[in-house]
Amino acid sequence: MDGDRALAAEYVLGLLSPADRAATGRRLDSEPALAAEARLWQSRFSGLDAEFDVVAPPSRLLAAIEARAFGDAPKATGLANWWNNLALWRALTAGAAAVAVIALGFGLTRPAPLDPSAVAVQLVAALEQEGSATKFLALYDGATGSVRLTAVSGEAVADRDLELWYIDDTDAPVSMGVIPVSGRTEVPLPREAQIKFEDGTVLAITLEPKGGSPTGAPTGMIVAAGQAVAI
Amino acid sequence: MTPATADISELISRCVLRDRAAFRTLYERTSAKLFGVTLRILKDRTEAEEALQEVYVKIWQRADRYVPGGYSPISWLVAVARNHALDVLRARKPQADDIDVALDIADSGLNPEQAAVASGEKSRIDRCLGELETQKAEAVRGAYLDGYSYEELAARYDVPLNTMRTWLRRSLIRLRECLSA
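Listed in order, the protein sequences are those of chains A and B.
End of the first sequence sits at 231 in this note's numbering; the numbers just go up one at a time, nothing left out.
End of the second sequence sits at 1181 in this note's numbering; the numbers just go up one at a time, nothing left out.
So that you can see chain A by itself, here it is in the shape it has in the complex (with noise of 0.2 Å):
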């Protein structure tokens, strides 16, 4: 009891070896009893963080941050067979690592520890786009195979519709059909062998004209992407 309770306090402290901070770390994951001491004392030695100075760093410091942390998303130029260019989908996956992924089960409403196999299946992404303001989060869940898609903001545009892709980064994007503008719909994925919504699974909505790309391959502007992680 007492062990556990100085080793909660040596976890948060940061006083353990490399080998007894992971051993110690696995243990908050199972041990909900030994999770509540570390999270006590994290809280107590809180009331230490007034001792902290409040120093303003340097001004540069925000835009290397922002850069950092939201990436180079590539710009949307309108040209058609730009999207059939492979390399710029790869780029484009690369680039949207940084995009908008929200790892669903750690959210805002369940405390931890988690049972990981609870939430392995699901996954979301934030489908969106620097200049664009059609937003959609998409949530897959591997029970069912399909992706729900909730449309958060965008309006329609005339003669237009709106595809959604599924892309991996080595194949040219598959279609997953065209999806309503507004609410929520189910699209399941695509029923070719080598398909898995899995970490690093890109999806990206385009401006097709009416009824889908009539190529097969995205022929309009992007308007939204996001990428998916594993939790």
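Hints listed in this document are in silico derivations from the structure and should not be mistaken for laboratory results.
Take the hints with a grain of salt, since some may be wrong.
[To be verified] A short, non-exhaustive set of chain A residues, derived as facing chain B with CB atoms under 7 Å:
no.: 1; residue: 9
no.: 2; residue: 26
no.: 3; residue: 42
no.: 4; residue: 47
no.: 5; residue: 51
no.: 6; residue: 53
no.: 7; residue: 55
no.: 8; residue: 63
no.: 9; residue: 154
no.: 10; residue: 159
no.: 11; residue: 161
[As the list claims (entries may be wrong)] Straight line, CA to CA, 20 Å or less: simulated EDC-like cross-link-like pairs of lysine to aspartate or glutamate:
no.: 12; chain 1: B; residue 1: 1043; chain 2: A; residue 2: 31
no.: 13; chain 1: B; residue 1: 1043; chain 2: A; residue 2: 53
no.: 14; chain 1: B; residue 1: 1058; chain 2: A; residue 2: 66
no.: 15; chain 1: B; residue 1: 1122; chain 2: A; residue 2: 186
no.: 16; chain 1: B; residue 1: 1058; chain 2: A; residue 2: 2
no.: 17; chain 1: B; residue 1: 1043; chain 2: B; residue 2: 1019
no.: 18; chain 1: B; residue 1: 1122; chain 2: A; residue 2: 53
no.: 19; chain 1: B; residue 1: 1136; chain 2: A; residue 2: 199
no.: 20; chain 1: B; residue 1: 1136; chain 2: B; residue 2: 1152
no.: 21; chain 1: B; residue 1: 1136; chain 2: A; residue 2: 51
The model shown is predicted, which means the values in this text are computed figures rather than measured ones.
Backbone N, C-alpha and C define an ideal beta-carbon position, used for all residues, glycine too.
Using the hints, position chain B against chain A.
Just chain B, lined up with the frame of chain A:
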């Protein structure tokens, strides 16, 4: 609620929704405190600046880990900064830590409610540390505020490493009894 008036907890939640304006406001409101943390622990301006950048990138990416009501949002942010600075500190080679850092003291940036919660925790830990022998209380504070390791504490108080470990653990157990009373 506009980002300018949103409280820190709401700003963190808005980061989960990828609200860049909220992130910027959060940075403007909290970065001076967190810079104080990375600077105190790393005692090197360049390293502290680099750590601060990594801390905010982490906050943007991991804002979903914050559970409102868990504990105060500023404490959570300080913990993220402190843990990151400790990781950097432990990863680097031991070196002299006597570099004096000139500090520009600014406003604490807490609203009255946060100040009240913070002052409750502050008076509790201050009172309980006051019940320990001076040196032992100093060692606990050094571990939290300066990120001292057992090795550094042992050198500082000129006792063998195992002795340091034993007396700090005993102090923590005594402290724990007082803190939960």
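Cross-check of the supplied hints:
1. 9: holds (4 Å)
2. 26: violated (17 Å)
3. 42: Residue 42 (chain A) check passes; min Cβ-Cβ to chain B is 6 Å, inside 7 Å.
4. 47: holds (3 Å)
5. 51: Result: holds, 6 Å to nearest chain B Cβ.
6. 53: holds (4 Å)
7. 55: Hint on residue 55 (chain A): holds, closest Cβ of chain B at ~5 Å, below 7 Å.
8. 63: This interface hint is violated because 10 Å lies over the 7 Å limit.
9. 154: This hint is violated: residue 154 (chain A) lies away from chain B, its Cβ roughly 15 Å from the closest one there, beyond 7 Å.
10. 159: violated (30 Å)
11. 161: violated (25 Å)
12. B:1043 / A:31: violated (35 Å)
13. B:1043 / A:53: holds (13 Å)
14. B:1058 / A:66: Given that 20 Å is the threshold and the Cα spacing comes to 11 Å, the pair holds.
15. B:1122 / A:186: Violated, because 51 Å separates the two Cα atoms, which is more than 20 Å.
16. B:1058 / A:2: violated (33 Å)
17. B:1043 / B:1019: Between residue 1043 (chain B) and residue 1019 (chain B) the Cα gap is close to 33 Å, so the pair fails against 20 Å, i.e. violated.
18. B:1122 / A:53: holds (15 Å)
19. B:1136 / A:199: violated (47 Å)
20. B:1136 / B:1152: Given that 20 Å is the threshold and the Cα spacing comes to 14 Å, the pair holds.
21. B:1136 / A:51: Distance ~18 Å between residue 1136 (chain B) and residue 51 (chain A) Cα, so the pair holds.
In this structure, the hints that do not hold are numbers 2, 8, 9, 10, 11, 12, 15, 16, 17 and 19, in rising order.
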